[in-house]
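Asker: Sequence:
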Amino acid sequence: MVAHLLRLKLVLLRNSLRRSPWQLVGIVLGGLYGVGILALLLGALFVAGSNPALARTGVILGGALAVLGWALIPVLFSGLDLTLDPARFTTFAIPVPKLLTGLALGGLIGIPGATMLLAVLVQALSWFRSPPALAAALVLAGVALFTCLIAARVTVAAAVSLTGSRRFRDVTGLLLIVPLILLGPLLSAVGEGISMNGDFLVRLADGLSWTPLGAVWAVPGDIALGHFGAAAAKTVISVVFLAVLVLLWKALLLRA
11 MVAHLLRLKL VLLRNSLRRS PWQLVGIVLG GLYGVGILAL LLGALFVAGS NPALARTGVI
71 LGGALAVLGW ALIPVLFSGL DLTLDPARFT TFAIPVPKLL TGLALGGLIG IPGATMLLAV
131 LVQALSWFRS PPALAAALVL AGVALFTCLI AARVTVAAAV SLTGSRRFRD VTGLLLIVPL
191 ILLGPLLSAV GEGISMNGDF LVRLADGLSW TPLGAVWAVP GDIALGHFGA AAAKTVISVV
251 FLAVLVLLWK ALLLRA
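Reminder that position 178 of the sequence shown reads as 188 in the numbering used here, one-by-one numbering, no gaps.
Hints are not guaranteed to be accurate.
Stated by the list, open to error - Listed next, with one range per pair, are the computed distances between beta-carbon atoms:
hint: 1; residue 1: R265; residue 2: A49; range: 37 to 47 Å
hint: 2; residue 1: D216; residue 2: G79; range: 36 to 46 Å
hint: 3; residue 1: P141; residue 2: A169; range: 41 to 51 Å
Keep in mind the hints are simulated off the structure, nothing from the lab.
The C-beta atom is built at its ideal place from N, Cα and C for all residues, glycine as well.
From just these sequences and the hints, can you work out the full model?
Answerer: What follows is the structure, encoded as C-alpha cells:
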C-alpha cells in the first residue's frame, strides 16, 4: 500500500506536468534554485567544519529555521501540494499506519522534499572530521527530515478547516504584509544586536538546541565538542518531539 501511494504521487505529478508546461518550467527553476542553495550550504558547512563550535551554531540556527519554515509556510501560502490529501482516502479501507507512512514518504516527491532530503544529508556529511558526530548525524538524519515534513502535515491538517474561509485568507494576507513592512527595521535591529554582542548567535543557538526546533540539529555538534550527556538528552527531545508530531497527525488524520 505504501508503494502504491508513492506511485500514485508520481503519476499525479507527471500528469500535472503534462497539463501545464509552465509548471514544468517552475519545477526546473525551483530545482536550480534548490541546487544553488545546497551548493552554498555545502561550501559554508565544509569551511566551518574545521571549527566544530562554529559549525554547530550554523547548523542549529539553519535547522531550527527550516523546521519553523516547514511548519508555517504551507499554512500561510495557498500553493501547498495536496495531491495526496487525506480526505480523498475517506472511502478506502487503508490502515492508518500505512496511510501515515505513505503520506510521509510522499512528501519527499517534489522540489521541497527532495531539497530538504539533500540538505539534511549535506549537513550530516559535513561532520566527516569527527566520525562519532558523523555517525550521529546520519542516524538522526531521518528524524530531522521527517520532523520537517510531518510538522508541515500537522499544521496544515490543523488549519484545513480555516483555510477555506475568506476571512482566514484575508487575515493571513495581512500577517504576511506586516513582516514585509517591518523587515528592514528588524534586520537593522538584529544586525546592531549582533555587532554589539558577538556571542548573540552562539547564545541563541544554545537556547534553541534545548527546544524541539533545534535539538536534533545540535546532537552532532555536541558530540564533536565532547558534550555527550547533552547530546543524549537532545536526542531524546528530538525523538519524543517527532513521536508527538506523529500522534497529533494521526489524530487529525482520523478526524479528516
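Asker: Compare the structure with each hint and give your call.
Answerer: Hints, verified against the model:
1. R265 <-> A49: 37 to 47 Å: 42 Å, holds
2. D216 <-> G79: 36 to 46 Å: Cβ of D216 to Cβ of G79: about 21 Å, so the range 36 to 46 Å is violated.
3. P141 <-> A169: 41 to 51 Å: For A169 against P141, whose Cβ atoms are near 43 Å apart, the range 41 to 51 Å holds.
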